[in-house]
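Colleague: Single-letter residue listing:
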Amino acid sequence: MKLFFFILLVLLAFLNLFAGSADIPFQEVLKVIFFNCDNEVFSVIILENRLPQLVTAVLSGAALSVSGLIMQTVFNNPLAGPSVLGISSASSLGAAVVTFLFSSIFLDFNTTFSIVLGSLLGAALVLVLLIFLSGIIKNNLTLLIVGLMISYLSGSIITVLNFFGTEQSVKNFTVWNMGSFAGVLTEDLPVFSLIVILGLSASFFVVKPLNLLLLGENYAQNLGLNLSRGKTVLLLIAGALTSIVTAYCGPVAFIGLATPHIARLILKTSNHARILPLSIFLGACIALICNLLCVLPGDKGILPLNAVTPIFGVPVIIYILLTKNRIKL
Amino acid sequence: MINSVLIAKKLSIGYSAKKPLHSGLNFQLFSGKLTSIIGRNAAGKSTLIKTLTKIIKPLSGEVIIGGKNINEISQQDFAKLVSVVLTERLASENFTVEEIISFGRSPYTGFSGRLSKEDSSVVALVAQDLKISEFLQKPFYELSDGQKKKVMIAKALAQQTEIIILDEPTSFLDFYAKDEIFALLKKIASEKNIAVLVSSHDILSVLKYSDFIWEISQTGIEICDECLIHDKFKI
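The listed protein sequences derive, respectively, from chains A and B. According to this note's numbering, the residues represented by the first sequence are 2 to 330, in order. According to this note's numbering, the residues represented by the second sequence are 85 to 319, in order.
Worth double-checking, as some hints may not be accurate.
If you want the footprint, here are the derived chain B segments under chain A, 3+ residues with CB under 8 Å [unchecked claim]:
id: 1; segment: 136-146
id: 2; segment: 195-207
id: 3; segment: 254-266
id: 4; segment: 281-287
Computed list of lysine-lysine pairs in DSBU-like fashion (alpha-carbon distance at most 30 Å, straight line) [what the hints assert, rightly or not]:
id: 5; chain 1: B; residue 1: K164; chain 2: A; residue 2: K139
id: 6; chain 1: B; residue 1: K215; chain 2: B; residue 2: K141
id: 7; chain 1: B; residue 1: K141; chain 2: A; residue 2: K139
id: 8; chain 1: A; residue 1: K139; chain 2: B; residue 2: K103
id: 9; chain 1: A; residue 1: K139; chain 2: B; residue 2: K201
id: 10; chain 1: B; residue 1: K271; chain 2: A; residue 2: K139
id: 11; chain 1: B; residue 1: K316; chain 2: A; residue 2: K139
id: 12; chain 1: A; residue 1: K139; chain 2: B; residue 2: K134
id: 13; chain 1: B; residue 1: K201; chain 2: A; residue 2: K269
id: 14; chain 1: A; residue 1: K3; chain 2: B; residue 2: K152
id: 15; chain 1: B; residue 1: K141; chain 2: B; residue 2: K93
id: 16; chain 1: A; residue 1: K269; chain 2: B; residue 2: K215
Some chain A residues flagged as far from chain B (calculated, every beta-carbon gap over 10 Å) [claimed, not checked]:
id: 17; residue: L149
id: 18; residue: V192
id: 19; residue: I319
Hint data in this document are derived by calculation from the structure and do not stem from the laboratory. None of the values given here were measured: they were computed from a predicted structure. All C-beta atoms, glycine included, are put in the ideal place defined by N, C-alpha and C.
Pulled out of the complex, with its shape left as it was, chain B reads as follows:
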């Protein structure tokens, strides 16, 4: 049986109530499944992701996680439910890889941000899982783009959330790295029973690894049939 962890009901998204980008969206995210969003530039993928991660407010309708509307969940508690990997660069990259992953523990640490023994072991385990243990002490700015994405995914995993949302994690990566990231996301979803939502333009990886594919267009969100996509893009 699959378990839905996030439910959107009659959701309107966008930046101004007069001109919503999309309205009346209904969808669900399932634990253990990798869901991919595809769609044209400016179709609303990033807006949707920002709404689901509480970076911007829904114009109307609701997003429900664990039976609660996310508007009513405090920022601190929300940080333990949904983690995010964004397209934007970090404001400062002058941290070690270990420090960046440790920031994923912020929702669990006290005011000083000092890691407990348990926190440190979570960080070490995540690094081991993602095979980045050997460069934990390296400064973040020295990494390749692919390695940086992996570290940000490690940060998201260290947050120990039931949902991970990623905005175009494979843009700017070479095709080996694209495949590697998607394989990793698929593995995370199924092995750790996490609901993973990822937006991407990388149609080959999307087809290869996704459990569900959503196409977002002017008419709203459509759950795509794989064959339909094969047809559409002549793959």
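Isolated chain A (complex conformation):
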């Protein structure tokens, strides 16, 4: 099983190097990867475009899936995911504020950097707010609704900003908002990778509290879990993973919500010691598949990521809603 998913991941990774909007012959790609290629253009496209995009997709898919898994367990809700709780919508709001307000003041503003910074700030603010609220609001459903309200509020502010924005800034924001794994530039890749890998590693240290929370908060407490501290740590990990990916790739929908369910279906257990590693692998695979689907139109251009992710997400959600058994988490 482990071997199967590993081979699948490697296969998908290679496919991602071979496919793209530029038509590069098979042998040339192999040459670039394994030898030195004389063709400047090909090696630039593959090494500075497709390769970073591949790494970004793998890391983002894994990060979003782990974040979704943690959210579903902490909030005891099978429909929770990185996009609930307002974290990714607050990211969007932060990005919108920066693109619309600041870019009109400073004309030579570095757009990529500013969007990343803005969305990280937005996510961090909401995360701090949520952790503070989770100490006061004991009911998980209430907290989830507060998150939803934050999403609506951010949405409406974004619409207003859009209304007054310049044509260029509206375009910049809209492109970011559609999602893409091409957003991480080669020079940003080390920082992005470091943060995601740190977050993913941290998640392996919280397998025990995650499992205990699946028994219910009272049982978890009676088994030695310090609830408020445990939940804060879990929200921090999930929030950091979501916000770093959203900052660079835009609010990517459905991957974080759907992957943990697919992992539970495959393994027929909810034990995080087994679900967590598989979610990481599956998340990476699904992100790579979505990225492949994005470049299907070939030289006509690239599909937005968020147009492709529902292909995986929607069937899974419908399946969850239709099954009447209690194995939803």
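Guided by the hints, dock chain B onto chain A, whose structure is given.
Modeller: Using the frame of chain A, we list chain B on its own:
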């Protein structure tokens, strides 16, 4: 000589300090004894159980275990003193029976939650004791309600605490299972020298198996005489 493991002094319980459900409660739990709480719905049985298990804080007064006020005992240490079986369903039942019982070892395992050899043998022994070894690998959601309760009791035993507190473990069970659970609790108390506190509406089993019976009502907790109960319920 009987040994008291939990002492409550002038204990007030409830959800708001202005309107305590009960105040000035004084009682003790004894090791090796099965104590049952009876009382009307909303009399405060669950509130009392939640207070004694540190799920909610006492409004005033103290609960003392091993000479220490439970407010001053860390969650991790408390998990080795008192284990609990609640009425609520598990948030997820997508675990094997063995995994659920193993969660009882959480207070003893490291951050990864991996069981040591000793932990695994405790789990195996508990399962053997409760005669559930043959379905250790079954998923929890496939069990009957009676079997589920037994597994949760096994989890509590795996926690190796000197006190086990159960909130209405026999509700929704057929009368064979009710009797079986109470017989099991009595056996656990006397053979393992554990203090067992159980709330129940199942008056027949309570009378048959309890060492002490408390009735909780508006006036507080009263230790009932068996004959009094026979009289009251015309049994």
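Colleague: Which of the listed hints are broken here?
Modeller: The structure conflicts with hints 3, 4, 6, 9, 10, 11, 14, although it agrees with all the remaining ones.
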